[in-house]
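Student: Use the sequences and the hints to build the structure in full.
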Amino acid sequence: MSNTAGLVIPCKAAVSWEAGKPLVIQQVEVAPPQAMEVRVKIKYTSLCHTDLYFWEAKGQTPLFPRIFGHEAAGIIESVGEGVSDLQVGDHVLPVFTGECGDCAHCKSQESNMCDLLRINTDRGVMLSDGKSRFSINGNPINHFLGTSTFSEYTVVHSGCLAKVNPLAPLDKICILSCGVSTGLGATLNVAKPKKGSSVAIFGLGAVGLAAAEGARIAGASRIIGIDLSPKRFDEAKKFGVTEFVNPKEHDRPVQQVIAEMTNGGVDRSVECTGNVNVMVSAFECVHDGWGVAVLVGVPNKDAVFMTKPINLLNERTLKGTFFGNYKPRTDLPSVVDMYMNKKLELDKFITHRLSFSEINKAFEYMVKGEGLRCIISMED
Amino acid sequence: MSSTVGKVIKCKAAVAWEAGKPLVIEEVEVAPPQKKEVRLKILFTSLCHTDLYFWEAKAQDSVFPRILGHEAAGIVESVGEGVTELAPGDHVLPVFTGECKECAHCKSEESNMCSLLRINTDRGVMINDGKTRFSIKGKPVYHFVGTSTFSEYTVVHVGCVAKINPLAPLDKVCVLSCGISTGLGATLNVAKPTKGSSVAIFGLGAVGLGAAEGARLAGASRVIGVDLNPSRFEEAKKFGVTEFVNPKDHKKPVQEVIAEMTDGGVDRSVECTGNVSAMISAFECVHDGWGVAVLVGVPHKDAEFKTHPMNLLNERTLKGTFFGNYKPRSDLPSVVEMYMNKELEVEKFITHEVPFHEINKAFELMQKGEGLRCVIRM
Numbered sequence: 001m002s003n004t005a006g007l008v009i010p011c012k013a014a015v016s017w018e019a020g021k022p023l024v025i026q027q028v029e030v031a032p033p034q035a036m037e038v039r040v041k042i043k044y045t046s047l048c049h050t051d052l053y054f055w056e057a058k059g060q061t062p063l064f065p066r067i068f069g070h071e072a073a074g075i076i077e078s079v080g081e082g083v084s085d086l087q088v089g090d091h092v093l094p095v096f097t098g099e100c101g102d103c104a105h106c107k108s109q110e111s112n113m114c115d116l117l118r119i120n121t122d123r124g125v126m127l128s129d130g131k132s133r134f135s136i137n138g139n140p141i142n143h144f145l146g147t148s149t150f151s152e153y154t155v156v157h158s159g160c161l162a163k164v165n166p167l168a169p170l171d172k173i174c175i176l177s178c179g180v181s182t183g184l185g186a187t188l189n190v191a192k193p194k195k196g197s198s199v200a201i202f203g204l205g206a207v208g209l210a211a212a213e214g215a216r217i218a219g220a221s222r223i224i225g226i227d228l229s230p231k232r233f234d235e236a237k238k239f240g241v242t243e244f245v246n247p248k249e250h251d252r253p254v255q256q257v258i259a260e261m262t263n264g265g266v267d268r269s270v271e272c273t274g275n276v277n278v279m280v281s282a283f284e285c286v287h288d289g290w291g292v293a294v295l296v297g298v299p300n301k302d303a304v305f306m307t308k309p310i311n312l313l314n315e316r317t318l319k320g321t322f323f324g325n326y327k328p329r330t331d332l333p334s335v336v337d338m339y340m341n342k343k344l345e346l347d348k349f350i351t352h353r354l355s356f357s358e359i360n361k362a363f364e365y366m367v368k369g370e371g372l373r374c375i376i377s378m379e380d
Numbered sequence: 001m002s003s004t005v006g007k008v009i010k011c012k013a014a015v016a017w018e019a020g021k022p023l024v025i026e027e028v029e030v031a032p033p034q035k036k037e038v039r040l041k042i043l044f045t046s047l048c049h050t051d052l053y054f055w056e057a058k059a060q061d062s063v064f065p066r067i068l069g070h071e072a073a074g075i076v077e078s079v080g081e082g083v084t085e086l087a088p089g090d091h092v093l094p095v096f097t098g099e100c101k102e103c104a105h106c107k108s109e110e111s112n113m114c115s116l117l118r119i120n121t122d123r124g125v126m127i128n129d130g131k132t133r134f135s136i137k138g139k140p141v142y143h144f145v146g147t148s149t150f151s152e153y154t155v156v157h158v159g160c161v162a163k164i165n166p167l168a169p170l171d172k173v174c175v176l177s178c179g180i181s182t183g184l185g186a187t188l189n190v191a192k193p194t195k196g197s198s199v200a201i202f203g204l205g206a207v208g209l210g211a212a213e214g215a216r217l218a219g220a221s222r223v224i225g226v227d228l229n230p231s232r233f234e235e236a237k238k239f240g241v242t243e244f245v246n247p248k249d250h251k252k253p254v255q256e257v258i259a260e261m262t263d264g265g266v267d268r269s270v271e272c273t274g275n276v277s278a279m280i281s282a283f284e285c286v287h288d289g290w291g292v293a294v295l296v297g298v299p300h301k302d303a304e305f306k307t308h309p310m311n312l313l314n315e316r317t318l319k320g321t322f323f324g325n326y327k328p329r330s331d332l333p334s335v336v337e338m339y340m341n342k343e344l345e346v347e348k349f350i351t352h353e354v355p356f357h358e359i360n361k362a363f364e365l366m367q368k369g370e371g372l373r374c375v376i377r378m
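Top line first, the protein sequences correspond to chains A and B. Note that full-length UniProt numbering has the first sequence beginning at 1, numbered continuously upward. Note that full-length UniProt numbering has the second sequence beginning at 1, numbered continuously upward.
Derived from the structure by calculation, the hints contain no laboratory data. Note that CB positions come from ideal geometry on N, CA and C, so glycine has one too. There may be inaccurate statements among the hints.
[Said to hold, decoys possible] Simulated DEER-style distance windows between Cβ atoms:
1) MET261(A) with THR351(B): 42 to 52 Å
2) ASN263(A) with THR121(B): 23 to 33 Å
3) MET261(A) with VAL298(B): 21 to 31 Å
4) LYS368(A) with VAL298(B): 45 to 55 Å
5) MET261(B) with ASN120(A): 22 to 32 Å
[Said to hold, decoys possible] In silico DMTMM-like cross-links for lysine to aspartate or glutamate, where the CA-CA straight-line distance does not exceed 20 Å:
6) LYS172(A) with ASP347(A)
7) LYS192(A) with GLU110(B)
8) LYS192(A) with GLU109(B)
Tutor: So, in structure tokens, the structure goes:
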């Protein structure tokens, strides 16, 4: 690999030219990494709902052409100037948010919202020079979330790469660089249910099931899964979900249903839909005195969270999380280790596999609501 | 005192006959304590805003005639059947909320909202038999939040009585049975600022200053007091407040003003006004990534707390507290010890003192917004 260091690499990428239209696999040129950047050979990538959302570009200003993708695993091909803690050949997970190590957030024990490298969905260029590392015939292609993993090679800021155990199978752990860690961390790092406690999970997609997996690992005795789609219930049992509530089947608000099932409310709840009414339900269904609700799903711009103050004065806690409160560089490697130690199960999240040339099928599955995670193998 | 055991005691009480009208010092009869009850001789009591609120009875119904009062200190006169943890002569603080020690809340390490004895502002009788222990010429006079401390003697549930160090001066520690502990605990037990952190306190009345005192004890480096009334600022300095913000002095929302003063937001905020806009400001002024806001003040029935969900997804935490999260029986004695160890300063909260027969002066002072705590000597 080192014979490409310092050179432009021509390779295949799945380019999105227009909102909602199939990606086109074509040759792109990937410039070498600049200061504090790293060029990564992507081995496996998966589709996450955030890619779909910005590909559809319904709610926001579109930025095309663009290379999407932010859940992936790869190997370092070369490093730019000033990069000392990563080297060629390292196994890495690129992450859509970063950790510079210097700002107040990175220095805080709690926060993972790095001032320099936190998620930016508008930016389509690299920070160091405001330009893209991708081009086709000299014309720039926009980056996405600083990762752009739907490409055989990509360039990311070194603060956005987690160096992981080289023995970990990249085709499994790629899904840890976004959705699964987000849900898992929401439960393990933020909700922190005690052994034997009760947890309600709202939304049984990949993020919600990861939150359920977190509750299973924490030893929760009851994991109540709430979803409008009953066909998700069977699958959810594999993730530790013990009971199901479909809000459509009840006349009264779902928080009341849950409170009745649990003698006043659950100990913890984790909200993974992004629907603001569900957020309110997730908060109001936790027990007074000690209940904690954690919001994960991202709502639309105009959403308003509203509750009666007495619900807070009654000693309920309301929290929100971003990327499961994991600091990408510091914490993700230990999530990979949880998998290697067989504490965390990942295979059950992977329902489909495709080769890179078939990447558009992954979008079709997700649009149809089929499956959880589809792994795209970059090498056919 | 033992000569009154088992008998009705005739004594003086300040009775509220009608909403908003001055209390009348009357002779009342106080029945002996029943099962799980305790009869207390009240030595000192103080007025708290909640007494005023239910005396004015503007927003809700309140039963009359009623004996108000819930911040006090006294001595146990006699105990009812089944009471083993208290004995005549014990020095105690009666509390408006209780701790049965058996329900899920009492057994929880976190909660202090006892299922059996939590605050009930509607009830004017004792739980045991649904009747009152006070009467005037045979006619019932109602209780208030299970304490009714504006009386020389009162009867309370044993779960609502904190037994304290007999050396603690009762004329000082009486103020610890409500407002100050509420504010103090909001900071020490719930907001939990770390040493050197920044804290914003909304509302600089007794509860807010109790919260500020908590921030001082925790070693906060900046304690920003927020109040519409600048005359409160000078007093607040004694409680560790280092800077002041009057929202009226600014065009932009106060949370923006505070964020600018603190590089993005304070580490902790404690809201002690009960005004729902202030609650939202208190939440939105904490720093993303690690900020925690604690709501203390009780709003009116129709209040709605609203915020953009992004403010939560940005890793801010929103909590609320009740009575500073102190379990009355388990925790209040240690608050008294904090005072006895000279960590917690209580004298500075006491700005006025009146004898019992002048109790209405305490109401007047509070209505005029004068002072912090007025101690009433029985």
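Student: Now tell me, hint by hint, if it's right for this structure.
Tutor: Each hint tested on the structure:
{"no.": "1", "hint": "MET261(A) with THR351(B): 42 to 52 Å", "result": "holds (51 Å)"}
{"no.": "2", "hint": "ASN263(A) with THR121(B): 23 to 33 Å", "result": "holds (25 Å)"}
{"no.": "3", "hint": "MET261(A) with VAL298(B): 21 to 31 Å", "result": "holds (29 Å)"}
{"no.": "4", "hint": "LYS368(A) with VAL298(B): 45 to 55 Å", "result": "holds (50 Å)"}
{"no.": "5", "hint": "MET261(B) with ASN120(A): 22 to 32 Å", "result": "holds (27 Å)"}
{"no.": "6", "hint": "LYS172(A) with ASP347(A)", "result": "holds (7 Å)"}
{"no.": "7", "hint": "LYS192(A) with GLU110(B)", "result": "holds (14 Å)"}
{"no.": "8", "hint": "LYS192(A) with GLU109(B)", "result": "holds (15 Å)"}
The structure meets every hint from the earlier list without exception.
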